[in-house]
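Assemble the complex: chain A is given as a structure, and chains B, C and D must be docked to it using the hints.
Protein chains in written order, with the working numbering: chain A, 1 to 270; chain B, 1001 to 1270; chain C, 2001 to 2270; chain D, 3001 to 3270.
Treat the hints loosely; a few may be bogus.
Unchecked claim - Here are the computed lysine-lysine pairs in the DSSO-like style, where the Cα-Cα straight-line distance is at most 27 Å:
1. C:Lys2126 - B:Lys1137
2. B:Lys1160 - B:Lys1038
3. A:Lys130 - D:Lys3130
4. A:Lys38 - B:Lys1268
5. C:Lys2268 - C:Lys2038
6. D:Lys3130 - D:Lys3203
7. A:Lys265 - B:Lys1038
8. D:Lys3268 - C:Lys2170
9. B:Lys1268 - B:Lys1084
10. B:Lys1203 - B:Lys1268
11. A:Lys160 - D:Lys3126
12. D:Lys3038 - C:Lys2268
13. C:Lys2130 - B:Lys1160
14. D:Lys3126 - A:Lys170
15. B:Lys1126 - C:Lys2137
16. C:Lys2126 - B:Lys1126
What the hints assert, rightly or not - Some chain D residues near chain A, calculated using beta-carbon distances under 7 Å:
17. Thr3031
18. Ser3033
19. Trp3034
20. Val3069
21. Glu3072
22. Gly3075
23. Ala3076
24. Pro3123
25. Gln3124
26. Ile3128
27. Leu3138
28. Pro3150
29. Asp3215
30. Gln3217
31. Ala3232
32. Phe3270
Claimed, not checked - Label-pair restraints from in silico Cβ distances:
33. C:Trp2202 - A:Phe175: 51 to 57 Å
34. C:Glu2167 - B:Arg1226: 22 to 28 Å
35. A:Gly18 - B:Lys1268: 21 to 27 Å
It should be emphasised that the hints constitute simulated quantities derived from the structure, not laboratory data. Computed from a predicted structure; not experimentally measured. We put the CB at the ideal spot given by N, CA and C, even for glycine.
Number of protein chains: 4
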Amino acid sequence: MEFVFNGKKIYYETMGEGQPILLLNGIMMSTGSWENFKESFSANNRLILLDFLDQGRSARMAGRYDHSVQVEVVGALLDHLNIKEINLVGVSYGSSIALQFAILHPTRVRKMVLFNATCRTGPQLKAIGKAWNEATKLPTGEGYYYTTIPPIYSTAFWDKHLDWMQEREKTLIAFFGNDVVRESLVRLTDSSENYDVSEQLWKIACPTLVVSCTDDQLVPPAEQRRIAEGIAGSQLVVIPDCGHCSFFEAPDLFTSLSLGWVNSKTVKIF
Amino acid sequence: MEFVFNGKKIYYETMGEGQPILLLNGIMMSTGSWENFKESFSANNRLILLDFLDQGRSARMAGRYDHSVQVEVVGALLDHLNIKEINLVGVSYGSSIALQFAILHPTRVRKMVLFNATCRTGPQLKAIGKAWNEATKLPTGEGYYYTTIPPIYSTAFWDKHLDWMQEREKTLIAFFGNDVVRESLVRLTDSSENYDVSEQLWKIACPTLVVSCTDDQLVPPAEQRRIAEGIAGSQLVVIPDCGHCSFFEAPDLFTSLSLGWVNSKTVKIF
Amino acid sequence: MEFVFNGKKIYYETMGEGQPILLLNGIMMSTGSWENFKESFSANNRLILLDFLDQGRSARMAGRYDHSVQVEVVGALLDHLNIKEINLVGVSYGSSIALQFAILHPTRVRKMVLFNATCRTGPQLKAIGKAWNEATKLPTGEGYYYTTIPPIYSTAFWDKHLDWMQEREKTLIAFFGNDVVRESLVRLTDSSENYDVSEQLWKIACPTLVVSCTDDQLVPPAEQRRIAEGIAGSQLVVIPDCGHCSFFEAPDLFTSLSLGWVNSKTVKIF
Amino acid sequence: MEFVFNGKKIYYETMGEGQPILLLNGIMMSTGSWENFKESFSANNRLILLDFLDQGRSARMAGRYDHSVQVEVVGALLDHLNIKEINLVGVSYGSSIALQFAILHPTRVRKMVLFNATCRTGPQLKAIGKAWNEATKLPTGEGYYYTTIPPIYSTAFWDKHLDWMQEREKTLIAFFGNDVVRESLVRLTDSSENYDVSEQLWKIACPTLVVSCTDDQLVPPAEQRRIAEGIAGSQLVVIPDCGHCSFFEAPDLFTSLSLGWVNSKTVKIF
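If we strip away everything but chain A, and leave its shape as in the complex, we get:
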């Protein structure tokens, strides 16, 4: 399904009934990435998937932009669906958008789950972003694949699922060989360049679960601890031996942590 935001087509999907959950993609993902998760996420909830601008079947952008436009897309989608209050589950880039949406619209977020999140594009991440963009100057998709993908899965996952990674490598090298995709990825990467909400986390009011992975070689656990310390009443949980791409590396934990957080009543003891 689609709707128009500022003259741009936005693609989304919705399925199931219940407390609504909006899954927010990582930078290289699209609604298609969630194929295996649809059944479990929509069993007791209304699941909403979304392609951000420059992702999947949503419109391409022309020049440079920052996260704020994607944050607006989220608001526009909720308006379009007439949803007052949403549960947000974000992955990496999607967590950044979730954090900013919750800061701007605290009353519209019921609960939030953040996987492999950062609250800022610090100097290291900024430099890594430059590597990603440099790699688009290489003639084929291989350079971009090798520059971006290896650190996104943990060493242990590479060892254990090498066959799957090699299948995926073929698909991704073809995907990254596409100029439209590469240009979109440059813009998506650039949109993160000046991101920093480290001083605004206190504005977040909803119960937030922050999920950290010990072997996240892109955004290490100290970044998620910083987020958890900044959001009053948030909880932090850690997946050991897991990398940045936790939804693929630990799909059952991704699902059960998300659904458990969204669907359980809060317990008060103190």
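Frame of chain A, contents of chains B, C and D only:
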């Protein structure tokens, strides 16, 4: 409610409807310990609480016994309630009983969540058990309180919730001052003395979530890692800055991790 | 050798030549505990061992006191030996004394190494101290042994060195059966009750190495992190799978970390 | 100074007297990288620095080779210097060479210290190597800089020493802009492609200290744990909040851990 097992009264409670969850107590707990959790656990599930033999309102035992009798109590309760397949959520001692029940009756356990579990009473834990039993020889409940309780909550929790701990101290010192209670606790402690299922974990067939706490000063994280490595298809998750008594220290994580694991469909990717 | 401090005999030993290192005992230790370490510590350094008041061959105290008297003993020993500037290596209780000495006499400490240290007797540790003192009311040394010793060695060490622990158990039960020893231990424990230098760490001027052990079930790693964060220019290093009694569990790391820190020139890069 | 190995010039430096220590470079390093460490490492030891083939002032290679030639260079240097038994301190690539030298010549290595080591080029590291080599196809040194350097320093270090990193960036971009350098780096990277000694670690006989860094985003701590578990009698120590380039991030720990391990007598307790 109650039923009779081998001539002994067993106290239990049941509330709510849905996939049944049996919460298995830690050694010093009783059905009463779950007061704040009843609402959330019974919102979408049938929640069953149980006092093991020598706990709460169940019968006292006379002489020495081991875990096997408590494992039988679990089976008898399920028979009594005519439940073919159960979801087990265990806390410490309750996790030990859950592990043994799942080993003996793999087809009767649908899913399992283990908090602060060990698969054996190793030499260190055996020695700590002796300290606990030695402390019952002291005239008042104070000795038992100070010997058993301090390491069960994390240093951070003691710092943060000192008022609550001091209230609880009064209650517990009175409770531990009761001879019937002390004698029960000695028997419960002794029942763990020869526990060791470290070589039988492979028999467990159900999806199992193992929850570890970084600051568990009684059963450290390496023990839960051993369990997770022993059970095929189990998942391990870690709560940072949390101690042995995780259901009190992190009630929302205890609840959402348990309910998320029990109520979510498994995702298959590989 | 001995000298007299405020009318009390203080026992000490000194051996070797070079930069002087004073090893400060943990609460249940004495100069005798360092037998296996003398050769390596005195190979290139002047090693000084000391029994604190109420330890080993030093004098017994009569009533209650706090750490300050032990801190004075350290100063008096240095005066007696005519040592202007010392390197301090502390273990647990000894680290507390080292921290206080360095706060009071910043110019007299050249370098410092702290193992399994805490900068305060927080509410949890205070409660554990009560357990230790309660255990002295039991008739034999067994109760004190089981109450104090098990959590001081890691679970892994108990598993690996059970024979050694069982030999040690006999020795320690006999030792703790001695009324003079038990009374001394009560006073030493009480001397820590109101210890708290958490707000004074910034006064420490010397290069300090803080050594943390992941499986320290008495003083968990967060406490050493607090110390490292409080002392400008300190460095933190972690021994995995090691418990509170690190000098016994990892003697080669204890030795090489200490001697490396004391004997190496500082490197300046930034 | 220099000597000739198989017709190739090998550059080395030697300074100081005492137990000899050979510092083995990481892949992008040279003898010049150790400038700030010379004084402390040569104070009580004979320090030897070495440029591997394709590094610094040693000869360039023509075609493809593997680690074995660098291992031979180490042996040839020791022969040239008439050193029977050496202490090896390795950094990353240098640790790989150290491991292989110790496996082949167990009697020639007295002690070994390995920083940020891996015992194999696993599938993930192989893919990262491809990214590095792809980056040499970019016209300027920028691409190579951004692809290789950012993950080599921890996020925390980037935050704290951004000025220093920016100075270094200029130097390194110029350095990586040099075709000879880039070609050398491709060959050095390729030389690691088939490296795997994971099944031969048991052959190592010397006391080995394995140093792991929690925030090593290139070779995560699980790899060093594997090494420590494979070498009987090795010890593992962890530097928290430190990245792959630990000698720059924690120079005082690098120095004191190395010198402490090499210069301390082993303690025997069990």
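Right, here's what the structure says about each hint:
Between lysine 2126 of chain C and lysine 1137 of chain B the CA atoms are separated by roughly 22 Å; this keeps the pair inside 27 Å, and the hint holds. The hinted pair formed by lysine 1160 of chain B and lysine 1038 of chain B meets the criterion: a straight-line CA distance of about 25 Å does not exceed 27 Å. Taking the CA atoms of lysine 130 of chain A and lysine 3130 of chain D, the gap is about 18 Å. The hint holds against a cut of 27 Å. For the proposed pair lysine 38 of chain A and lysine 1268 of chain B, the alpha carbon gap of about 11 Å is at most 27 Å, so the pair holds.
This hinted pair does not check out: lysine 2268 of chain C and lysine 2038 of chain C have alpha carbons roughly 32 Å apart, beyond 27 Å. Restraint check for lysine 3130 of chain D and lysine 3203 of chain D: the C-alpha separation of about 31 Å exceeds 27 Å, so the hint is violated. For the given pair, lysine 265 of chain A sits about 10 Å from lysine 1038 of chain B by alpha-carbon distance, which is consistent with the 27 Å threshold. For the suggested pair lysine 3268 of chain D and lysine 2170 of chain C, the alpha carbons sit about 21 Å apart, so the restraint of at most 27 Å is met.
The hinted pair formed by lysine 1268 of chain B and lysine 1084 of chain B meets the criterion: a straight-line CA distance of about 26 Å does not exceed 27 Å. Restraint check for lysine 1203 of chain B and lysine 1268 of chain B: satisfied, since their Cα atoms lie roughly 22 Å apart, inside the 27 Å limit. With a C-alpha separation of about 15 Å, the suggested pairing of lysine 160 of chain A with lysine 3126 of chain D holds against the 27 Å cut-off. Proximity of lysine 3038 of chain D to lysine 2268 of chain C is assessed by CA-CA distance (about 11 Å); at most 27 Å being required, the pair is judged to hold.
Distance hint between lysine 2130 of chain C and lysine 1160 of chain B is fulfilled; the C-alpha atoms sit about 20 Å from each other, no more than 27 Å. For the suggested pair lysine 3126 of chain D and lysine 170 of chain A, the alpha carbons sit about 16 Å apart, so the restraint of at most 27 Å is met. Of the pairs offered as hints, the one joining lysine 1126 of chain B and lysine 2137 of chain C holds, with about 22 Å between alpha carbons and a cut-off of 27 Å not exceeded. For the suggested pair lysine 2126 of chain C and lysine 1126 of chain B, the alpha carbons sit about 24 Å apart, so the restraint of at most 27 Å is met.
Annotation: threonine 3031 of chain D was flagged as interfacial toward chain A, and the flag is violated, the nearest CB pair being 27 Å apart, outside 7 Å. A distance limit of 7 Å between C-beta atoms decides the matter here; for serine 3033 of chain D the minimum to chain A is near 20 Å, and the interface restraint is violated. The restraint placing tryptophan 3034 of chain D at the interface with chain A is violated, with a minimum CB-CB distance near 25 Å, outside the 7 Å limit. Here the hint on valine 3069 of chain D is broken, as its CB sits about 26 Å from the closest CB of chain A, past 7 Å.
For the restraint placing glutamate 3072 of chain D at the interface with chain A, the shortest Cβ-Cβ distance is roughly 29 Å, beyond the 7 Å limit, so the hint is violated. Look at glycine 3075 of chain D: its Cβ only gets to about 31 Å from chain A, farther than 7 Å, so that hint breaks. Violation of the interface hint for alanine 3076 of chain D is found here, the shortest Cβ-Cβ separation to chain A being roughly 33 Å, above the 7 Å cut-off. At its closest, the beta carbon of proline 3123 of chain D sits 5 Å from a beta carbon of chain A; the interface hint therefore holds under the 7 Å criterion.
A hinted interface residue such as glutamine 3124 of chain D counts as satisfied when its beta carbon comes closer than 7 Å to some beta carbon of chain A; here the least separation is about 4 Å, so the hint holds. Using the Cβ-Cβ criterion of 7 Å, the hint placing isoleucine 3128 of chain D at the interface with chain A is satisfied: the shortest such distance is roughly 5 Å. Annotation: interface hint on leucine 3138 of chain D holds; nearest CB of chain A at approximately 6 Å, less than 7 Å. Checking proline 3150 of chain D against chain A: minimum C-beta separation of about 4 Å stays under 7 Å; hint holds.
Contact between aspartate 3215 of chain D and chain A, as hinted, is supported at the beta carbon level, the nearest pair being about 5 Å apart and thus within 7 Å. Because the beta carbon of glutamine 3217 of chain D sits about 4 Å from the nearest beta carbon in chain A, less than 7 Å, this interface hint is met. Interface restraint check: alanine 3232 of chain D against chain A, minimum CB-CB distance 24 Å, threshold 7 Å, status violated. A least Cβ separation of about 30 Å between phenylalanine 3270 of chain D and chain A goes past the 7 Å threshold, and the interface hint is therefore violated.
As the Cβ distance of tryptophan 2202 of chain C to phenylalanine 175 of chain A is approximately 54 Å, the hint placing it in 51 to 57 Å holds. Judged by the Cβ atoms, the range 22 to 28 Å given for glutamate 2167 of chain C and arginine 1226 of chain B holds: they are separated by roughly 27 Å. For the pair glycine 18 of chain A and lysine 1268 of chain B, the supplied restraint of 21 to 27 Å holds, since their beta-carbon distance comes to about 22 Å.
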